[in-house]
Amino acid sequence: MQKVTINMNLLIFDYTLVMALLGTSLLGATAGLLSPFVFLRRQSLLGDAISHAALPGIVLACLITKSKHPLILLTGAAIAGTLGTAFISLVRHYTAIKNDTILGIVLSVFFGCGLVLLTALERYPELQTASIQKFLFGNAACFTGQEIMIIALVALVVITVTIAAHKEFTLSAFDNEFGIINGIAMQRYNVLFTAVLILTIIIGLQTVGVILMSTMLIAPASAARQWTRHIGSMMYVSAGIGLFACVCGICISSMSIHVPTGPVIVFLLCCVVFVSLLLAPDRSIIWKLKKS
Amino acid sequence: MSDAISHAILPGIVIMFLIIGKLDSPLLLVGAVIAGIATVIISELLMNTNRLKKDAAIGLVFPFFFSIGVILISLYTRTVHLDIDMVILGELVFAPFNRLVVAGIDLGPYAFWSTGCIIMVNALLIKLFFKELTISIFDQHLAYLFGFGPTALYYILMIITSITTVVAFDIVGSFVVVALMITPPATASLITHRVQPLLMCSILIAVLSACGGYSIATFFDVSITGCIASSNGILFVIALLCAPQKGLIVKIVQRWRLKKQIAQELVCWYIHKHSHTSEQQHMSYQLGWPTQYTQQVIKHAINNGLLTENNKTLLLTSKGLHHLSQSSLNYQIS
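Heads up: the sequence lines are chains U and S, in that order.
Counted from 1, the first sequence has number 355 at position 186 by the working numbering; the numbering is strictly sequential.
Counted from 1, the second sequence has number 284 at position 215 by the working numbering; the numbering is strictly sequential.
Check before you lean on any hint, since a few could be wrong.
[As the list claims (entries may be wrong)] Using 20 Å as the maximum straight-line C-alpha spacing, the simulated SDA-like pairs for lysine to any residue come out as follows:
no.: 1; chain 1: S; residue 1: K122; chain 2: U; residue 2: N268
no.: 2; chain 1: S; residue 1: K368; chain 2: S; residue 2: Y354
no.: 3; chain 1: U; residue 1: K267; chain 2: S; residue 2: K368
no.: 4; chain 1: U; residue 1: K267; chain 2: S; residue 2: K122
no.: 5; chain 1: U; residue 1: K267; chain 2: S; residue 2: Y223
no.: 6; chain 1: S; residue 1: K200; chain 2: S; residue 2: P219
no.: 7; chain 1: U; residue 1: K237; chain 2: U; residue 2: G314
no.: 8; chain 1: S; residue 1: K315; chain 2: S; residue 2: Q265
no.: 9; chain 1: S; residue 1: K196; chain 2: S; residue 2: Y223
no.: 10; chain 1: S; residue 1: K368; chain 2: S; residue 2: Q330
no.: 11; chain 1: U; residue 1: K267; chain 2: S; residue 2: I260
no.: 12; chain 1: S; residue 1: K329; chain 2: S; residue 2: L267
no.: 13; chain 1: U; residue 1: K267; chain 2: S; residue 2: K329
no.: 14; chain 1: S; residue 1: K315; chain 2: U; residue 2: L259
no.: 15; chain 1: U; residue 1: K267; chain 2: S; residue 2: R324
no.: 16; chain 1: U; residue 1: K267; chain 2: S; residue 2: L267
no.: 17; chain 1: S; residue 1: K329; chain 2: S; residue 2: F217
no.: 18; chain 1: S; residue 1: K123; chain 2: U; residue 2: F343
no.: 19; chain 1: S; residue 1: K328; chain 2: S; residue 2: L267
no.: 20; chain 1: S; residue 1: K122; chain 2: U; residue 2: T339
no.: 21; chain 1: S; residue 1: K200; chain 2: S; residue 2: S183
no.: 22; chain 1: S; residue 1: K122; chain 2: S; residue 2: Y223
no.: 23; chain 1: S; residue 1: K368; chain 2: S; residue 2: H343
no.: 24; chain 1: S; residue 1: K122; chain 2: U; residue 2: L259
no.: 25; chain 1: U; residue 1: K267; chain 2: S; residue 2: P254
no.: 26; chain 1: S; residue 1: K329; chain 2: S; residue 2: Y354
no.: 27; chain 1: S; residue 1: K123; chain 2: U; residue 2: K237
no.: 28; chain 1: U; residue 1: K457; chain 2: S; residue 2: L114
no.: 29; chain 1: S; residue 1: K200; chain 2: S; residue 2: C186
no.: 30; chain 1: S; residue 1: K123; chain 2: S; residue 2: K200
no.: 31; chain 1: U; residue 1: K237; chain 2: U; residue 2: T339
no.: 32; chain 1: S; residue 1: K122; chain 2: U; residue 2: R210
no.: 33; chain 1: S; residue 1: K122; chain 2: U; residue 2: L186
These aren't lab readings, by the way, just hints derived from the structure by calculation.
The structure displayed is predicted, hence computed values, not measured ones.
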């Protein structure tokens with residue numbers, strides 16, 4: 170077995186590390202902020218489906234524009250994600266097929282199309298398809314300044330919208346019909362939420378990759394839920410958890426040059442969830458055992 | 070759940086590989102199956118604590134396992150051909166080169182034998198437990214009453230799914246396993262709603278998509294697994310649109326016909342109620358329709374013999390009256 174090398178030089182003033190920290194903390198905070206709503210609306214697997222569905226969008230965008238500018242790729246991902254969501258709504262509206270099944274279908278079929286396009290893309294060696302594969306696991310370690318700007322912009326939009334509309338998002342999670350009766354345009358807020366979700370996912374694709382993105386949307390809220398009951402504090406606690414996991418994940422994975430950052434962040438998030446499940450006051454398992 | 074299992078078995082394989090040190094051993098499959106079962110059990114445990122809902126539980130457990138697998142791979146197995154791409158995306162092209170050699174006789178591709186065994190086992194289980202499985206899926210309480218033990222059946226089903234996933238994923242990679250496990254039954258459910266035809270239909274669709282996908286892939290020289298998943302998707306969309314009773318096209322046509330029929334009935338009913346008037350403007354206002362639409366409907370009704378026009382007054386024919394009284398809506402024809 171190879172020894173894990175600890176490289177202290179990478180710690181504080183390294184440009185790559187600072188970029189990676191910036192990018193992932195933005196993502197962690199954003200995904201964490203949005204996470205309670207995803208959790209409450211039981212749309213955790215939707216995040217997974219959208220992140221897998223984004224692949225053909227990325228590849229098509231690359232094929233059509235013959236460039237790998239991150240903004241173009243992300244636009245492609247957003248369009249594909251939107252199409253996937255629209256397809257899910259359509260099938261759910263017109264057939265009796267269960268939600269999980271539709272998500273699974275969209276996930277695997279879109280990803281399959283993306284894969285076909287990817288191998289078709291290999292015929293154009295000037296486009297260097299290997300760097301599209303980074304979307305599978307993210308490449309937080311290789312962020313450029315340009316990518317950080319895009320992430321920061323999208324994160325700002327998402328955070329602003331979420332904080333501004335958090336009451337309506339909460340209402341739509343708990344009692345959609347009540348909102349409609351009271352004259353609030355719930356359908357528009359649902360669409361807004363889905364749009365914000367898609368935006369978060371596509372910036373997350375670059376950081377933790379397709380397969381692990383859904384965790385960033387579920388784990389912070391699952392952990393935060395154990396500590397608080399109020400939606401306001403839940404939002405900020407889960408944003409904090411997301412941020413913390415991303416920062417620690419980057420630092421830990423930077424200690425060894427071989428470990429990808431995405432899995433480490435996800436691993437940390439899940440550990441936080443398990444610890445919260447066990448130790449949080451009032452709800453957790455060990456607490457209940459202690460009381461009795 | 071099968072999506073989750075196909076991702077979560079990665080660490081099982083990696084840990085087993087680290088323990089036994091060989092890449093070709095069937096024990097790797099055992100490790101994968103254990104990981105799959107562990108995923109199901111841990112998800113169930115998390116759900117049963119009532120602190121998390123089902124989707125959150127599954128959505129936490131499998132990335133946890135998967136990330137452990139990826140970390141282990143990148144730390145410890147970099148020099149070995151345990152490539153992540155292979156694991157997820159698979160490469161069907163290599164399957165024929167992996168031969169099963171028993172006592173010096175080349176029995177053909179290993180993949181053929183492993184999947185053949187699994188087909189036999191699955192078919193046998195389904196044949197033996199068909200009643201029990203069907204009832205447990207549709208009505209768990211009834212299954213309890215009959216003494217079928219639905220919980221045990223559920224776990225058996227999950228274990229078999231894990232084993233099948235593992236064997237399949239060895240050949241084609243994890244995500245197309247998901248595509249093949251979920252999409253053909255969904256497509257078949259759009260075509261039929263009885264269980265046995267559903268089974269047969271989904272097997273047929275799966276085989277069709279696999280062969281079709283393979284042919285397209287070899288023709289265009291693209292990824293085989295991707296093509297198989299895509300052809301599943303195409304078949305699903307075709308079924309969605311064209312299925313005999315549940316397809317979108319059929320539904321849209323039905324709704325359009327129903328709309329026409331009800332419009333004509335409404336006009337007939339209106340004429341019946343207000344037998345003195347032929348004022349089309351008044352009629353459109355009362356019914357809430359645009360004038361042109363009202364004229365169209367009246368024309369159709371006259372063509373169908375439900376109304377007659379006599380000096381600019383519209384009268385209900387006996388056929389029209391009969392049609393109204395036969396309608397499924399209660400027009401209260403006295």
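Here is what the structure says about each hint:
{"no.": "1", "hint": "S:K122 with U:N268", "in the structure": "holds, 15 Å"}
{"no.": "2", "hint": "S:K368 with S:Y354", "in the structure": "holds, 18 Å"}
{"no.": "3", "hint": "U:K267 with S:K368", "in the structure": "violated, 44 Å"}
{"no.": "4", "hint": "U:K267 with S:K122", "in the structure": "holds, 17 Å"}
{"no.": "5", "hint": "U:K267 with S:Y223", "in the structure": "holds, 18 Å"}
{"no.": "6", "hint": "S:K200 with S:P219", "in the structure": "holds, 12 Å"}
{"no.": "7", "hint": "U:K237 with U:G314", "in the structure": "holds, 15 Å"}
{"no.": "8", "hint": "S:K315 with S:Q265", "in the structure": "holds, 18 Å"}
{"no.": "9", "hint": "S:K196 with S:Y223", "in the structure": "holds, 16 Å"}
{"no.": "10", "hint": "S:K368 with S:Q330", "in the structure": "holds, 13 Å"}
{"no.": "11", "hint": "U:K267 with S:I260", "in the structure": "holds, 15 Å"}
{"no.": "12", "hint": "S:K329 with S:L267", "in the structure": "violated, 34 Å"}
{"no.": "13", "hint": "U:K267 with S:K329", "in the structure": "violated, 32 Å"}
{"no.": "14", "hint": "S:K315 with U:L259", "in the structure": "holds, 13 Å"}
{"no.": "15", "hint": "U:K267 with S:R324", "in the structure": "violated, 23 Å"}
{"no.": "16", "hint": "U:K267 with S:L267", "in the structure": "holds, 16 Å"}
{"no.": "17", "hint": "S:K329 with S:F217", "in the structure": "violated, 51 Å"}
{"no.": "18", "hint": "S:K123 with U:F343", "in the structure": "holds, 17 Å"}
{"no.": "19", "hint": "S:K328 with S:L267", "in the structure": "violated, 32 Å"}
{"no.": "20", "hint": "S:K122 with U:T339", "in the structure": "holds, 17 Å"}
{"no.": "21", "hint": "S:K200 with S:S183", "in the structure": "violated, 27 Å"}
{"no.": "22", "hint": "S:K122 with S:Y223", "in the structure": "holds, 19 Å"}
{"no.": "23", "hint": "S:K368 with S:H343", "in the structure": "holds, 18 Å"}
{"no.": "24", "hint": "S:K122 with U:L259", "in the structure": "violated, 25 Å"}
{"no.": "25", "hint": "U:K267 with S:P254", "in the structure": "holds, 12 Å"}
{"no.": "26", "hint": "S:K329 with S:Y354", "in the structure": "holds, 18 Å"}
{"no.": "27", "hint": "S:K123 with U:K237", "in the structure": "violated, 38 Å"}
{"no.": "28", "hint": "U:K457 with S:L114", "in the structure": "holds, 17 Å"}
{"no.": "29", "hint": "S:K200 with S:C186", "in the structure": "violated, 23 Å"}
{"no.": "30", "hint": "S:K123 with S:K200", "in the structure": "violated, 27 Å"}
{"no.": "31", "hint": "U:K237 with U:T339", "in the structure": "violated, 38 Å"}
{"no.": "32", "hint": "S:K122 with U:R210", "in the structure": "holds, 11 Å"}
{"no.": "33", "hint": "S:K122 with U:L186", "in the structure": "violated, 36 Å"}
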